[in-house]
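Place chain B on chain A using the hints.
Keeping their order, the protein sequence lines are chains A and B.
Sequential numbering of the first sequence, starting at 1, is according to the numbering used here.
Sequential numbering of the second sequence, starting at 1, is according to the numbering used here.
Honestly, the hints are just simulated from the structure, not real lab data.
Each hint should be verified, as a subset may be incorrect.
Residues from chain B that face chain A, not an exhaustive set, calculated with beta carbons under 8 Å [said to hold, decoys possible]:
| # | residue |
| --- | --- |
| 1 | MET39 |
| 2 | ILE126 |
| 3 | ILE130 |
| 4 | ALA225 |
Since we're looking at a predicted model, the values are computed, not measured.
Heads up, the beta-carbon is just placed ideally off N, CA and C, and yes, glycines get one too.
2 protein chains.
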Amino acid sequence: MIKQPYLLFLGDAPDRLAAKVAQGICDWRPEAAIGQYRMAGCAADMRIPDMSIAEAREAGAETLVIGVANRGGVIADSWMAVLEEALAAGLDIASGLHNLLTDEPRLVRAARKFGRELHDVRTPVIDYPIANGRKRTGRRCLAVGTDVSVGKMYVSLAMQREMLRRGLKASFRATGQTGIFVAGEGVPLDAVVADFMAGAVEWLSPDNDDDHWDFIEGQGSLFHASYSGVTLALVHGGQPDAIILCHEPGRPHMRGLPDYQLPELERLCEVVLTMAHIVNPACRAVGVSVNTSRFSQEEARQCLQDAEARTGLPATDPIRFGAEALVDALLSESNGETLR
Amino acid sequence: MIKQPYLLFLGDAPDRLAAKVAQGICDWRPEAAIGQYRMAGCAADMRIPDMSIAEAREAGAETLVIGVANRGGVIADSWMAVLEEALAAGLDIASGLHNLLTDEPRLVRAARKFGRELHDVRTPVIDYPIANGRKRTGRRCLAVGTDVSVGKMYVSLAMQREMLRRGLKASFRATGQTGIFVAGEGVPLDAVVADFMAGAVEWLSPDNDDDHWDFIEGQGSLFHASYSGVTLALVHGGQPDAIILCHEPGRPHMRGLPDYQLPELERLCEVVLTMAHIVNPACRAVGVSVNTSRFSQEEARQCLQDAEARTGLPATDPIRFGAEALVDALLSESNGETLR
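Isolated chain A (complex conformation) (with noise of 0.2 Å):
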C-alpha cells in the first residue's frame, strides 16, 4: 500500500506527455495529489500548488511520487538529492520508471536511515499463486478493448466514482502503473511471471460482498498480438460477470502493429465473451466506451450511434458524457436474471 496524499515530483518533465502518470492520478484522485516539485526547465503543471519537500511535508504528504517519464524511463542524477531530501523529511518514495528506486544504493541508504519505504511499482513484490479458477463471491466488471490505450482504466475508474456517488459498493483494481498510484495499490501485471498472471488477477480481486462491484483494470488486448496473453490472463483471473468494450474510432492500425486492422466492436464483443464464458458462462457484455477525443461534439454522437448499432449497447464516452449510462447499463443488468 501507498500512502497518500503525494507530492507529484514532476522533475524536469520536457512537456505535458512526459509527465502523464502525474496527469492520471490528478485526473483521478485529485485529493490525493496536493502539491508538485518542479525543477529548473520542467515544461509541465499540473495547476495544483508548487511545494517544496519541506511544505509538501508540512502539508501531510506522505509520499513522493515520481509522475514523470524521462527518455529511457531512468532516474536521472540531477533528481538524486532532492529524493535523499525527501527521504530525509519523512516522504516514502514510489516509481514506476524502469530503473529500480531499490537498485540505487543512495536512495536505499537514506531510507534505511530515515525508516522509509521505497515503492517500485513495475515490481511484483508478492508470490502470487497459481489461479485456481474458484468461483468467488461478489461481482466483476472488466474492460476490454479493440487495441491498446484505448480507455481501459479511464472508463473504470469513471464508472467506480460513478457508483460510489449513488452510495453503491464498489473498488477499482488497478493493473497497470498509473492505476497502481490511483488505487495506492494493485498489480503490475505485465511485469508478472507467465504463469502467476491468472493467480495475480485472483489474488487482486478476492471474495467480497454480494452486492460489491470490483472494477478491474483492463491491459492489452484480445487481438493484440503482443499482449494478448496478459488480457485473457485479466480475463479468466477476473472471472468478469460484465464487461465494458472500449474502442476509439479511426486508428489506422493496431498500435505498435503496421500490418494489424482493429476488430470492429462486435466482433470484439463474440471472442471475449467465448473466452470469458470458459470461467462464467453468466458473463454479459453490457455497454460501449468510446474514446472521442478527436473527434467534434457532432462526429462524436455519430461514434456513440454507430458503436450502439453495432453492439446493441448503450455506448458513451465517459469522459466527455459521463459514466451515467454504463452504470445504469451494469446495474440493470445484474438487477435481472442474466447476470446470476
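Positioned in the frame of chain A, the structure of chain B alone reads:
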C-alpha cells in the same frame, strides 16, 4: 545452447515418476543420453549404462543433466559433492529445478574455477523483445490441448521425428523444461515476464526456409483458467499455419481445476482457430493427437474414431500408433491451397 551428449543424474530418485525429465530425454534423444548416474537409494532406472563421472567424461559426455525432481524441487545437499566432481571433470551442469544452480556458491565457485557452465533452464537468460506480429517465412505447427499435460510435447516431437525420417526440414522449438533438454535450447515460457511472452515465441521461431516446419511445443490450454494466457501468447507469437488438437479422454475434470470440465474437441478447434486467425487467417487444424495410454487397444481405436467423428480430422495416438497420419495430413494440407 546446452552441449550434448548428457550424463543423466538421477540422484536418489524415490521412484520412476521423480525422474520423468530424464525419461523424456531418453524417449526423444536417446543418442544424447549416454549414461546415468545413480546414488544409493535411487529407485529409477533409464536402462542406459550406469557411469561414474570419470567414465561419463571418458565416453564423451559434455553436460550432467539433473533429470530428477525431488520434493520441493531443490538441489539436495547430498548431491553437492557429485556436482562439484562433475564440474572438476569438465562437465557443464544443467537443471530445471526451482532453486537455481547459480544460487549455490559452491557450484558457482567450482564452475568458475574449472571454466564450466551452469544452465538453469527454468530461468530466461535472454531479454526477449516485445512481439511485433510480423509475418515470418517458413511454416509453423502448434499443438494445443483440451487440458494441460495431454501430450502436446510428445506429438510435436513425434511429428518432427517423422518429418526428418522423410528427409524433410523440421525443427522442434522447446518452450518447457524437458523440451529444452531434448532440443538443447529453447524458451522457458512459463517463467517469462508477461509483456514478453509472445515476443519470446517470435524469437524462438524466426524466419526460415519456405519448406521448413517449426513444431512449437505447446503450454497450458486456452480452456485452463490458470495458464490460458501463456497458451494465447503461443498462438499469437507462434503464428501457426497448422494446429494439432490434443486430448486425453476420460479425465474427470481439468487438471488442478476440480470445478471445470474439459471442452469437447470440436469446441477447442473452434476457439483456437478463432484466436489463431487474428494473426494468421490461413491457419487450419490438421489433425488430432489422442493420449490413449489408459485404454485397451480396442478402446483406443474407439477413442480415435470418436475424435475423427467430432472434428472431421485424422486422429491418432502418436506414441501408440505413430505420427505418420498427422504428418500426412500436415503435408497434404500444406501442398494444397489452404495453407498459403
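Checked hints:
1. MET39: violated (30 Å)
2. ILE126: Constraint on ILE126/B not satisfied, violated at 15 Å.
3. ILE130: holds (5 Å)
4. ALA225: holds (4 Å)
Going through the hint list in order, the structure does not satisfy hints 1 and 2.
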